[in-house]
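Same order as they appear, the protein sequences are chains A and B.
FYI, the numbering for the first sequence is 1 to 205, going by UniProt numbering.
FYI, the numbering for the second sequence is 1 to 205, going by UniProt numbering.
There may be inaccurate statements among the hints.
The list treats identical chains as interchangeable, and a pair is accepted whether it falls inside one copy or across any two copies.
[As the list claims (entries may be wrong)] The calculated EDC-like cross-link candidates involving lysine to aspartate or glutamate, where the alpha carbons are at most 16 Å apart (straight line), are:
id: 1; residue 1: LYS56; residue 2: ASP66
id: 2; residue 1: LYS167; residue 2: GLU81
id: 3; residue 1: LYS6; residue 2: GLU116
id: 4; residue 1: LYS167; residue 2: GLU149
Keep in mind the hints are simulated off the structure, nothing from the lab.
There are 2 protein chains.
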Amino acid sequence: MDFSSKLLEEAVNEMSQLPGIGRRTALRLVLHLLKQPESQTVALSKALLDLKTEVKFCRKCHNISDTDLCEICASHNRQKEVVCVVEDIRDVMAIENTSQYRGLYHVLGGKINPMEGVGPSQLTIRSLVEKAKNGEIEEIIFALSSTLEGDTTNFYIFKQLEGVNVKTSTIARGISVGDELEYADEVTLGRSITNRIPFESSLRN
Amino acid sequence: MDFSSKLLEEAVNEMSQLPGIGRRTALRLVLHLLKQPESQTVALSKALLDLKTEVKFCRKCHNISDTDLCEICASHNRQKEVVCVVEDIRDVMAIENTSQYRGLYHVLGGKINPMEGVGPSQLTIRSLVEKAKNGEIEEIIFALSSTLEGDTTNFYIFKQLEGVNVKTSTIARGISVGDELEYADEVTLGRSITNRIPFESSLRN
């Protein structure tokens, strides 16, 4: 693309660095901002910069937080001995939305992915293992997505916990509520049969 | 969505003001920026602010430009008496990419759209009519998209030019090169038959 303005080109270049935003979309977004009042661009720039420079991570669970200890970790109504291991804040938000979980979280900040240069040391695995060794935790629930990277990360943490007195569990995989059996993939369907539960416990939900 | 951080919420709110960016996508983009080096966020914010505060519009064609008179209007190699009327800079870039046009442009900045509160006075129609009345222009080529709003705008300008000694034309509508006739819509196919051209002239391109 040939731009008539260096300023425009620069803005499009920076915008198209974002994931899933190509140069055409970036141009559309930038031209939209140009048509809006200046206050909108100022507010967007300020919000992004403020977030980047002032963001804090909870010292206990590593979730994004405005305070030193996040609301969930600081709450007195949560089971502090149960910790759910998730990838990032989006997973925390998804689980919180279910209102089914009363324990704490541990945000890893990613999954082990050698292809993208993410090793165990870039994640917050060490602090999780330390919490377990200190006897703070009774149960660790693995809730990473069941991909190659997720399974690798789960297994790595599991090995690190060898000899530590802590229960580990993983969230149930199975057919989604409301889904038709005939369209389910074989792995999921197979697992849902292997890991069947007593009928009476399904009535509780 | 319930955020654990006001800073994050603010950034997501601002990002989701952009067209086609929902709150989930906004969260994904913002979390991506959080993982990247701070320089990327600084560069993005700076580029957007610089564009908004320092952008200039060519005083002749109203296209986005870094200078008072844009490169196209200032060039000695263009036919200054032919002016192509387009909606915005993207159309200029699309036509320039064809390398088929040697005239100048006139960027309207939008189309007449009462539903969105865009009337003729918000567009640069008056300056176009003045250029025509001053005798600077021999031919005006309408190249707005053929929607209700585009046709309305074309017709409004056409009426404003009554009594002015200027030729008006509109870009050809027809079947795209490489398209199959059977899949073309009826209006386009109909027009392409009505507006057929001598076979010899098709050999020139």
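Hints, one by one, checked against the model:
Within a single copy, LYS56 and ASP66 get their C-alpha atoms as close as 6 Å, which meets the 16 Å cut-off; across copies the closest is 39 Å, which misses it. Only within a single protomer do LYS167 and GLU81 lie at most 16 Å apart by alpha-carbon distance; the minimum there is 11 Å, versus 81 Å between protomers. When the C-alpha separation of LYS6 and GLU116 is checked against a cutoff of 16 Å, the pair qualifies neither within a copy, at 32 Å, nor between copies, at 30 Å. In this homomeric assembly, LYS167 and GLU149 never come within 16 Å of each other (Cα to Cα): the closest approach is 22 Å inside a single copy and 65 Å across copies.
Against the hints set out earlier in the document, violations occur for numbers 3, 4.
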